[in-house]
Amino acid sequence: MTKIFLALMLVLTSVHMAPNAAMAQNGPLRIEITDGVIEPLPFAVPDFVAESNGAGQIAQDIARVVAADLSGTGLFREIPEEAFISTITNFASPVQFADWKAINAQALVSGAVSVDSSGNIAVKFRVYDVFAGQELGNGLRFRGTRDGWRRMAHKVADAVYSRITGESGYFDSRVVYVSETGPKNDRKKRLAIMDYDGANLKFLTDSNNIVLAPRFSPSGDRVLYTSYETGFPRVFVLDIGSVTRRVLEAQSGDMSFAPRFSPDGQSVVFSVTDGGNSDIYRMDIATGTRTRLTSAPSIETAPSFSPDGSKIVFESDRSGTQQLYVMNANGGEASRISFGQGRYGTPVWSPRGDLIAFTKQNKGRFHIGVMRTDGSEERLLTASFLDEGPTWSPNGRVIMFTRETQGANGSASLYSVDVSGRNLKPVRTQGGGSDPSWSPLQQ
Amino acid sequence: MKSILGKSALLVAFVALSACTNPNGLGGGFGGGAGAGANGFEPGSVSDPTSPAYFQQAIGDRVLFEVDQSTLTNAGRATLTAQADWLITNADYMAIIEGHADEQGTREYNLALGARRANAVKEFLLSQGIPSSRLRTVTFGKERPIEICSNEACYSQNRRAVTVISAGLTS
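Heads up: the protein sequence lines correspond to chains S and V, in order. Position 142 of the first sequence, counting from 1, maps to 142 under the UniProt record's numbering, and the rest follow consecutively. Position 9 of the second sequence, counting from 1, maps to 9 under the UniProt record's numbering, and the rest follow consecutively.
It should be emphasised that the hints constitute simulated quantities derived from the structure, not laboratory data. Be a bit skeptical, because a hint or two may be false.
To be verified - Over 10 Å on every C-beta distance to chain S, these chain V residues come out as not near it, computed from the model: (1) T50; (2) T73; (3) A84; (4) V138.
What the hints assert, rightly or not - Here are the simulated distance ranges between beta carbons: (5) V/S166 x S/R352: 46 to 54 Å; (6) S/G182 x V/A78: 30 to 38 Å; (7) V/A75 x S/R336: 55 to 63 Å; (8) V/A75 x S/T289: 40 to 48 Å.
Since the model is a prediction, treat every value here as computed from it, not as a measurement. Note that the Cβ used here is the ideal one computed from N, Cα and C, for glycine as well.
Chain V with its partners taken away, still in its complex shape (with noise of 0.2 Å):
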């Protein structure tokens, strides 16, 4: 046990200093509460600034809509500059741009709606200059919903556009 400690927390450091040496890294985000350790983090967990889990817990990676509209809200907005910015610095990766839709709808509207999402995401992340090439976009319509009540605290939760990070699309 004790060995595998030592291992990793070398290997924490060592991330840790790449890290630090790119100049766009971490922004002023990391410092709060992001590290759960002293000195580091794991590699991978939320922890780290260049893992998806960070990405998708310490930026947030998703935005909600109104009601039937596919306009980005302010925090929104605020939340896919955060995501542009992390996109830009984590050059490897890819993203899959998810639109979803909340029950009130049929079944096909709300494939067409969750696909309008899913598109101004896209659109505003192209706007912050990542390429087309690294986004790809899908509907669920109102085939994945996340919280199962039928009432407005559910469906707000549900009227999303998830931005799914990966390694690279196949398809």
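One chain only, chain S, in its complex shape (with noise of 0.2 Å):
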């Protein structure tokens, strides 16, 4: 089925592109499509249907961020309702294909909401594939509580996204950031968590104390962060649930920050500095025990494990200038894989292990980009004043990272972009941020 999805979408692009080429340009008919150049699968969500009292506004409301998440990903373009010949009233009702084939809506979710007497909602939708005429993988339903809906519809987009595209989707997941208010010679700096879209954000910190860099746990329950609550940089770990935190290391004296959890949770990665001199240790959580992973008289920092905790790709100026390194998660000999022009840091290893995301200056010029684990096939995503600190996707497919602006009324704020380079837009906050973690999917 996932294949009928991409083959319509191929045929799509060449019937829509041709057009285009052909005014573009008078010479020969020539169409090059790249990996960044897709035509946007037309797609319907009629709202989903009541089927209980009371649970209307949520049935529009759930299938409304259910079409947002798959716009959003500009894989995916929603028909208008306006457009619509039919809608679906009933959930059980046979589809209508020729009245969605009419208006090109090559796939259609339809979906049923109800609300049970203690307030608790059930979701159920089903994907169609309208040109082949059939459904696309079976229904599904979920419970859950009324405030919970967002996440349901969430979890919808989800399997649709991965119905249609083959991979696992990435909208019920949340982003913990630092959230930015004031001038850039006063900023205040808060911890934050939202939804992957902006929506039910909750600050995590006051913004007393300056706060840097918050990384998830692979399980999505911690947060390590750098604070300056003690007069200086330390590693923090909080618990999001309980919103507690506490000082990763007991003991005082050192400057530590860049941390980041191994997949599996069970240590952590950071920079520690002495001397003016700064390595990367790794400190196991239940024990407190820490090992020095580098000693070098030049700057390590921002390490990053790869998935299967094997690896660690981290950024050093050993060379004269900041590159990229990659060594055993225990440390010892490290091998360079950037040699690109600029300078590279804050790599960070895609969830599919198989890219690095980074950030590049070169000639006054801040980059995303991605490159292979070996350091080949670099790709620069984003180009801008200053773009740094990228995350993945819990799915690998999409990178948020920090913009800033420049001048005197500079500020910062949270991006995406597909890491096919297309769809760079910003996420929605409060105010402005920087340093977003997006979280692994929810479970």
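Two chains, two frames, some hints: make the complex.
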């Protein structure tokens, strides 16, 4: 079924591209389709059917969130309700495929919502391959509390996305980031958490101390970050459920920053500065045992594990400029993987394991880019005055990062971009934001 | 008002006297421009050579760095030599050395760079005889710019290490 849809997408691409290309140039008809050029797949999500009293509003709201999730990927294009010839008023009735074909809806999502006497809701849905005239996979049903309706909508969208693309989705996920207010020379920073689409914002710290670069644990229940609560930069760990925090290491004296969890959540890697020299350490959380992984007079920082936990990519200026290196998770010899022009920092291993995202500085500009784990096939996805700090969506398809604008009124905000370089757009936040960390899919 | 003025004038005179008994006290730096009044100065103010305000403004609490560098410049060394003299004279004070970077750089790298700059200052002060127990370093990376434009005029002021005088270290 997935193959059918992908084939449809490609056919559609050529159909739509040809006239445009012909108009754009007077030479022979020639289409250059790169990885980054895909015509979005048209889909329709009529309002979900309310199957009990009082479910009408939430049935509409859920359909809107599903549609926004799919459209937001840049891979899908919603057909607006005004174009509908028929709509769906009964979840069990046969779909009038001809009506949906006529408006070129390649995919159709129908759904229904009911609210029970205790206020819990149940959502069910079906996905249709309109041109094949059949259902794509089987219908699914989710139950939950009314407060959790957005999560259920995201779960529906994840399932739809997954059935059509063959990849897992990323909508039922959260982002922890640094909320920023105030001018550059008096900026207030506090940790905030929100749904991936900006909804359900919650602050995790106050703005009395500088906080930097939060990082989710692999299970999404904890956050590592750097705080100046003691007057000096130290790594803290915060439990999201209880919103309680503690300094990661009891011993004082050092400055520590740039923490990340190992994929099993059992240990943390971070930078420690001693006598002006920053090196990478690994700490076992249960025992508190600290192991030094690098010992060079240069700056070693921004470590990130491979998803299998066997390797660590990090940045170092041991060659004279900031470059990316890979070493075994227990330290030892490191091999340099970045060789292009400019400086490379903040490497982050993709959850798929195949790519490393990074920040690149070259000729006064900043870029977010990706390369293979051996450093080959470098591709820059963005360019601006200041882009930095990439984080991967749980399925490795999208990268979120910080973009800061220049000048006295410069401010930071969150952006996302598809790994293909398409679909660059701001992420909705309340006020400024920086240092996003994308959670895994929620359980 | 008059009696208050009289008291503070007395106090000023006393402090000035005690300062004069200190052989290392004022050096050459005191005479020019620091004293506001004809015969004295306000304790704790910039005109009081034993005050952190004097250290900050008359001696100069900061040194600047070249792009991506933590090497002290000649001007920086001159400032730090004067800082060291002051710290030797005013032995009750501690100092926290803050290292800062401009915004051209990633957050983590700039934290490490700020630590390098703070440490370069600390090493120089140690070499001048300040005990390490009186010095502590902290990096702020690019988190605390003092100038906010996005060009070299501002960046050059933000690439700095600032020696902050404090009564004592608690942590």
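Hint by hint, here is what the structure shows:
1. Annotated as non-interface, V/T50 keeps its C-beta farther than 10 Å from every C-beta of chain S; the closest such distance is 25 Å.
2. Distance check on V/T73: its Cβ is at least 17 Å (rounded) from any Cβ of chain S, clearing the 10 Å threshold; non-interface status holds.
3. The beta carbon of V/A84 is kept farther than 10 Å from every beta carbon of chain S, the shortest such distance being approximately 18 Å.
4. Some Cβ of chain S comes within 10 Å of the Cβ of V/V138; the nearest lies about 5 Å off, and the non-interface call is violated.
5. Taking 46 to 54 Å as the suggested C-beta distance range, the pair V/S166 and S/R352 conforms, at roughly 50 Å.
6. The hinted window of 30 to 38 Å between S/G182 and V/A78 holds, with their beta carbons roughly 35 Å apart.
7. Range check, V/A75 to S/R336: about 36 Å between beta-carbon atoms, so the 55 to 63 Å window is missed.
8. At roughly 45 Å, the beta-carbon separation of V/A75 and S/T289 lies within the given 40 to 48 Å, and the hint holds.
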